[in-house]
Amino acid sequence: MEEDLKTSVRGEILSVKDLPTLPHVLDEVTKLVEDPDASSEAIAKVISTDQVLSAKVLKMVNSPIYGFPGRISSIQHALVLLGFNVIRGIIISTSVFDMMEQAMKGLWEHSLGCATACNIIARRAGFEDPEEYAVAGLLHDLGKVVTAVQLPDLHKTITDTVKAKELTYFQAEKDVMGFGHDRINAWLARHWGLPPNIREAMSRHHAPQLAEFYKPMSCVVHIGDFLVRLFEFGNSGDDQTAYLRPEALIELKFKMSDLDKVMDEMADQFLEVSDLTF
Amino acid sequence: MQKIPIDLAAPGMKLGKAVTKEGGMTIMAEGMELTDSLISRLENMKIDRITVQGHPVDMGGAGSGTKYAERIERLDVLFRKYAQDKWMTRVRDRMAQYFRIKAAAQEAKMKAMEALLDEGAEEEGGVEENGNGGE
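Listed in order, the protein sequences are those of chains A and B.
Numbered according to the working numbering, the first sequence spans residues 1 to 278.
Numbered according to the working numbering, the second sequence spans residues 1 to 135.
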């Protein structure tokens, strides 16, 4: 009986017809990217046809999260500097959060904070393309948003369970649905064609030690999530820290003093990030 | 020995540990006595924490009502699930140490700013009177 319920919940969440629709231009852009002859100019042109979306993307890429504050003036410029994967991630996150309005403002802030932290951590670890890590951080809790959109009743049961049983949001999800937003993330990432590194980081941010192919990125998001919760920037759905896996620190060759430096930078940047809307 | 934010360093304090750059290069040796010019040199080199001999700074309760001080109090709530976990308890203690240092620095900065404002208010007093007279 209980198994049946879980199976049906999974079906409902994953039913494609109700899934948040992404801007039409994203489909066209994805096709263009697969065409080896397409230029970044052509891709930028397609994105620019949606003015509201372009404005949102420009606002995001010019935030301190991506390291070029106030210096990116066009979509094409953004594509060249940050790459298509980053722009696509931004389009997806703003589109999905768009539908949640104010109710999920706390989670949006949590995601922005995590993106900021991931960029800082990736740079400190000496990784290339820290912007991709930032996008993974931005998207790491998307499964929570989609649950809230697709199954509002279930979402309420989860938030009630967090309080009643004194569980973390992640544990409450498993308690109510039989699986957590990590699973939903994996499915969403595949459905929206996100690159495998971001996909794995999204689905393994609670257990980076189990990541198979992109352990460093999963570890960065894991630590970013921990630190943002520590600062209580935004709201991830509960008021506890996540367990900080020592394996994640070891993977990045981090000492505790590295976390000090990361937190110093985070505190500086949070002030500027906090008034970013979507 | 005590680790303190550079804002709280004062002439006469002696270094309990050598000050090193991130790469490990020593800038000032252990046992050196701080002077005003040495402190400003450390500030210029973006060194924000040093370890001094003895326990010259009272950081207990420092920064009450400020943001970092609140962070310390919140740690008990945030880590309540992991009270029995050795590793997470150590993580918590380490974070508390970080926040204490930051809270002390924040308080020192606040005090310095208040001192500036007090001074400014006295000087501005005359100007304000003139301004009011004009209205």
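Since the hints were derived computationally from the structure, they do not count as laboratory data.
A quick note: this is a predicted structure, and the numbers were derived from the prediction, not measured.
The reader is advised that the hints may include incorrect statements.
Stated by the list, open to error - As a list, the in silico PhoX-like pairs of lysine-lysine whose alpha-carbon atoms are at most 20 Å apart: (1) B/67 / A/261; (2) A/165 / B/81; (3) B/21 / A/261; (4) B/3 / A/261; (5) B/21 / A/174; (6) A/255 / B/81; (7) B/21 / A/253.
What the hints assert, rightly or not - Simulated restraints, written as ranges between beta carbons of each label pair: (8) A/235 / B/45: 35 to 41 Å; (9) A/268 / B/41: 19 to 25 Å; (10) A/59 / B/109: 27 to 33 Å; (11) B/74 / A/209: 24 to 30 Å; (12) A/268 / B/74: 17 to 23 Å; (13) A/59 / B/55: 28 to 34 Å; (14) B/84 / A/105: 45 to 51 Å; (15) B/18 / A/30: 51 to 57 Å; (16) B/113 / A/106: 27 to 33 Å; (17) A/55 / B/18: 15 to 21 Å.
Ideal placement from N, C-alpha and C gives every residue a C-beta, glycine not left out.
Check each numbered hint against the structure and report the violated ones by number, ascending.
5, 6, 13, 14 and 17
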